[in-house]
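So the protein lines, in turn, are chains A and B. Count the first sequence with the numbering used here and you get residues 1 to 357, in order. Count the second sequence with the numbering used here and you get residues 358 to 919, in order.
FYI, nobody ran anything at the bench for these hints, they're computed from the structure. Be aware that one or more of the hints could be misleading.
Okay, derived cross-link-like pairs now, DSSO-like style, lysine-lysine, Cα gap no bigger than 27 angstroms in a straight line [to be verified]:
(1) A:K279 to B:K394
(2) A:K140 to A:K152
(3) A:K324 to A:K140
(4) B:K445 to B:K641
(5) A:K342 to B:K394
Counterexamples of contact, computed for chain B against chain A with all Cβ distances above 10 angstroms [claimed, not checked]:
(6) V395
(7) M448
(8) L495
(9) T499
(10) R540
(11) R621
(12) V663
(13) G671
(14) E813
(15) G884
Virtual Cβ for every residue (Gly too), placed ideally from N, Cα, C.
Each chain, written out:
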Amino acid sequence: MKHIFFCFAFVCSLLLPAACSRAETTETPQAVLTVMTHDSFAVSEEVVKIFEEQYDVTLVFLKSGDTGAALNRAILTRNNPEADVFYGVDNTFLSRAVQEGIFEPYKPSTLADIPEEFTAGLAGMVTPVDFADVCINYDKAWFAERGLAVPKSLADLAKTAYKGEPGNGLLVVENPATSSPGLAFLLTTIAEYGEAGYLDYWRSLKQNGVVVVNDWETAYYTNFSASSGRGLQPMVVSYATSPAAEVVFAAEPLSDAPTASITGENTCFRQVEYAGILKGTTQLELAQRFIDFMLSPVFQEDLPLQMFVYPVNPAADLPEIFTKYAARAEEPARLDPVLISKNREEWIAAWSRVMLP
Amino acid sequence: MVRGLVKAFKSSGVLLWGAPLALLLVFFFVPMAAILKVMFERSGAIVFTDTLRPLGFTFYQAALSTVLTLLLGLPAAYVFARYDFPGKHLMRTLNMLPFILPTVVTAAAFNALLGPRGWVNLLLMQITGLQVPPVTFLNTFTAILVAHVFYNLAIIIRVVGSAWSQLDPRLENSARVLGASPRRAFREVIFPILRRPILSAALLVFLFDFTSFGVILMLGGAGFATLEVAIYSQALHFLNLPMAGLLSVMQLASTLIILLLYGRVSHGEDVPLFPRLHGEGTRKPRTLLEKWIVASVIVLLFLFQVLPLLALAGRSVIRVEAERGQRTEVQAGFTLDYYRELFINRQQSIFYVPPSRAVVNSMRYAGITTVISVTAGTLLAYALVKRPRIRRWLDPLVMLPFGASAVTLGLGFIIAFNGTRLSSTSLPWLVPLAHSLIAMPFVLRTIQPVLASLPESLRQSAAVLGASPLRAWWEVEVKLISRSLLAGGLFAFTISLGEFGATSFISRPENPTLPVAIFRYLGQPGGLNYGQAMAMATILILICAISIALLERLSHAFVGND
């Protein structure tokens, strides 16, 4: 008898959510364009509405973890894509993504307006949308208080002037095996010192007491001295736009950013994010219009304060907060994306052997 | 006809475990098999030797964490089962709370307490005048162990405690009357009876620590990697799926071996007991020693579990501002800004979610998860207890999802259901189903030992006294196992509230749960973002505390108050 009761309860428990879901999927006659992206993606309601009204379409965003997770999802479902557009693959993952053949070639007519720096070598597979430079942020007050000059180059960081206690030095970096800014900084050092020299450079950083943590959240909020966590390291690997975010999201209004970035030649890595149409889409026409829309000033001007990245379209106006507090690298470190995709694992493994014994 | 059906059910028992097994098959074995197959088909270099270090470390830290959790948890379970003391209910509720915390919040809580500018270091620096924080806690092995104890104490206290509180006090009394010392009575009477629940709880704790991810990543730091962390970096940062597949298989195989060993160790006759209604065996501590034991357990629980939560809640209402240029002196001021800000969509983002909606999403998912996993878990518990022959293979099968990597299973969900009606793009309730997979073993492990120890004679007496089978079951068995049902339900509820890994994979951005919302705030720099994350986490804790308190009250009303 009791078995019946249980089976009944169990069947009910299965039907309950089913009933809920049925109620939610009320059919809309409108076309739907699905955009797969990573968790950090943000856009303002107004901008979405402009596109939706212009093309009489509903935009649906599918967020799926960090860039690596979202990309995996797109690759694993390429035979039966879950979305029409993929946004957010960056230049460290790009050649792998293209190799996997997940993208449908498309070249928007406005691509000619975008600086060649972002469009070179793309072969019309994906469209650049935004960029941000991974740079070292420093605590302005900390350096001012000690009368210590802010390091200007990667070489400076290895000098004895910036030496701290072992394991508790002045700089905190992220593990390139678990964090994308961490990988970007490793790539910067490889661009600067070459494959032959970057490990020696890291050894000297280690002697200076560089701190390695796994993720950006810990590095920034626990270890960095100028964040809310008020940690011990006055320098952190973050983004050149982070100082602007510190002002926008200040707990109480600030007249100046508490942090700034080191943007000297070859100290930063430029992360460019691309959007592409997923092969097998049933909405090719709309997907192309959405890619066009992403390059338009309306969308481009929305980017900075939503995601704290720079628009690739030079025609887009920057918000005042960006021109005041955010920065761009003077001359970012450059590495061939094909080389990155080929050697990424090897470089990280070698780095781990030196830095994480 | 009904009678015929009943007979059929009773004789086969298939429906008892058939439905939960079908759930497992569709939502665990199919996706897991699909993803592993795909992983090994893809290109990528497999370096077998690279798996040995994470494998060794995974076992090492899990074993050490489990021992520590038992050392602290067993005395606590004893105190909760045997003594009444002021604030017991509150303590019981608080004890459960760490369980809900997503690891990113736990990391923030320990940072608020023991970080370089945590309350402890600030206090010590104030007293000693030191310029450098004296306590280094984050990014150490100690942090991993402490966090595991923080999370898992509730498992020992609930699973062992609920069995202990139902243990007939007369057994111990008889032993004492017959001349056994308290120690001997424990060794020869209590412990043998409690062996099963203790092993059960220890297994859960061990498996939980075995697949630990966030704690290792965020509190242990870059020097430590478990299999789960290695799978994460191989799959999502190197895109080396074959390697991730190999690591996942190793993790699953290890789990299976542990489960089989457990099956061997825990094998033995169940001791049928006449369980007591809750509260019968409890009393106020009398001797000085008893008082001392109770007091020290309370203090330890407070230090390990409550203090980090208080530190976190503190950071949500206190702004810590270092005077510029005076880094050693930190000024703190009370503020409600972080809470106020939660209700404002300052950036006009389309993904902004008011806290109320995140609360509703979380509660709905948690409610559905509880219903599914308690029903399925209880069915399985009955199947395992009443049909000992199937136990040998069914038991490890049901527990196996515990050993699955969240990353691998998440990808498995996506490819297995891609293009079907079960796809996560069309199914909002995939989230509670995924949560139920994780919660079901908890429910099973909580209920099974108690159910196993119920003497058959109880129901027979009820039947002799004229109760229908349903009534006998409802009034006798359900009431007697209700403590454990409640504990299992609470685990399910809280697991769902706090789950982050799988949720971030399959939830829809417009329907985030509280943990997903918290994580969004931590993704960008700025004091306000950090404060809002703390405020949202505090709301999560409060909601959970209220729910636990209500559920406990409900169950007391049902069983009769203690």
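Which numbered conditions among the earlier hints are violated in the structure presented, ordered from lowest to highest? Violated hints: 6, 8 and 15; rest satisfied.
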